[in-house]
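Top line first, the protein sequences correspond to chains A and F.
The numbering of the first sequence is the numbering used here, which starts it at 1 and goes up by one.
The numbering of the second sequence is the numbering used here, which starts it at 1 and goes up by one.
Rather than coming from a laboratory, the hints here were simulated on the basis of the structure.
The structure displayed is predicted, hence computed values, not measured ones.
Note that the Cβ used here is the ideal one computed from N, Cα and C, for glycine as well.
Please note that the accuracy of each hint is not assured.
[Stated by the list, open to error] Here are some of the chain F residues that sit facing chain A, going by a computed Cβ distance under 8 Å:
| hint | residue |
| --- | --- |
| 1 | V19 |
| 2 | E20 |
| 3 | I23 |
| 4 | I24 |
| 5 | E29 |
| 6 | A61 |
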Amino acid sequence: MLNISDDGTIASGFSFNILLISIDLFRNNNKIKLRNSNSESRFYLKLIIRTNWAEILKKIFPEKTKIKIGFLNIPFHAMFVHFPIALYTAAVFFLFLALLSDKDSFRNSYFYLMIMATLFTPISHFTGILEWKKKYRGVRTHIFINKNRYGLILILVGGVCTTWYWFYPGILDNTGVLNIVFIILNIFILPLVGYLGHLGGKLVYGLPH
Amino acid sequence: MKNQIKSLRERIKEMEKIVEVLIIAIPKEESSYKFYLELANSIEHEGSRRMFIKVANQELAHKGMLEMELKKLQHEIAGLKSER
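Next comes chain A alone, as it looks inside the complex (with noise of 0.2 Å):
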C-alpha cells in the first residue's frame, strides 16, 4: 500500500519515485492503494506523468523504448533548417536566370525547387519549435520570437510565391505591377533566409563579441 500525504508537501522527485515504485507494484500484478488520494495528490500525479512520461515509458518497456527514446534525442532542426535556406536561395537564383534568358528549364527549375522549399519549411518550423521546447525550455527570448516570428512570415511569402506560379505560371512573361510585385516578394525571401540563419547562427556559435 502506497500512502500519499494530503497536506501538499509532497517533493515532485519523491512523489515521482512513489509513481516508478507503483508501475514497478503494476508490472509485477501487485494492486496498488492510494489512501489519501485527494484532488491534490491526484493533481501531482498528473503532473509527473506530464513531465516525466519517457522516463516512465522508460520504466514500463525497458527495451522497446530504447528506440523511441533516441528518435526524440535526434537533432531534428538541424537536420531540416538548411533545407528551405538552400533550396529558397537556388530558386531565386533560377528565377533570376530564367528572367535573363527566358528559358524554360530555369522556369521549371524555379518552380520546383519552389515547390521542394515551401514544403520543408514548416516541417523545420515546427522542428524549431520542439528544439525550442526542449533544448531552450520554451523562454520567449528576443531571439526566440524573432525566429518564430520571420519563420511564419516565409512560410506565407513562400507559399504565396509558389502557389502564385503554380495558378498563373504566365507572370513571369507578363510585365506590369503584378510581375514587378512577384519578383519583388521573391527577392524578399533571401533576407528573410538570411536573418532567420544569421539567428541560428547565433544560438549555435553564440553571440557576438
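Since the structure of chain A is provided, determine the placement of chain F on it from the hints.
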C-alpha cells in the same frame, strides 16, 4: 511617471538580454558535461579518467549556477512586469 515606466521597461529589456545569454549558455554547459563524461567512460587510464570526471562535474556545477541565475532573473522580471 512616464520616466519611471520607461526606466522599468529598459531594465526589463536589459534583464531579458541576460536571460538570452544564459539560455544559450546552459545547453552548451550540458553538452560539455556529456562530452567529458563520454571521454571519461571511453578512456582506460585511471588518472585521465578521474581528471575528465572532475572536469565533467565542473561543467555540471557551471550549469547549476547558470540555472540558478536564470531562475532568479526570471523571478525578478516577473516581479518587474507585475509592477508595470
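Against the structure, the hints:
1. V19: Result: holds, 6 Å to nearest chain A Cβ.
2. E20: 4 Å, holds
3. I23: 5 Å, holds
4. I24: 6 Å, holds
5. E29: Given a least distance of 12 Å, the restraint on F:E29 is violated.
6. A61: 19 Å, violated
The structure fails hints 5 and 6 (numbered hints given earlier, in ascending order).
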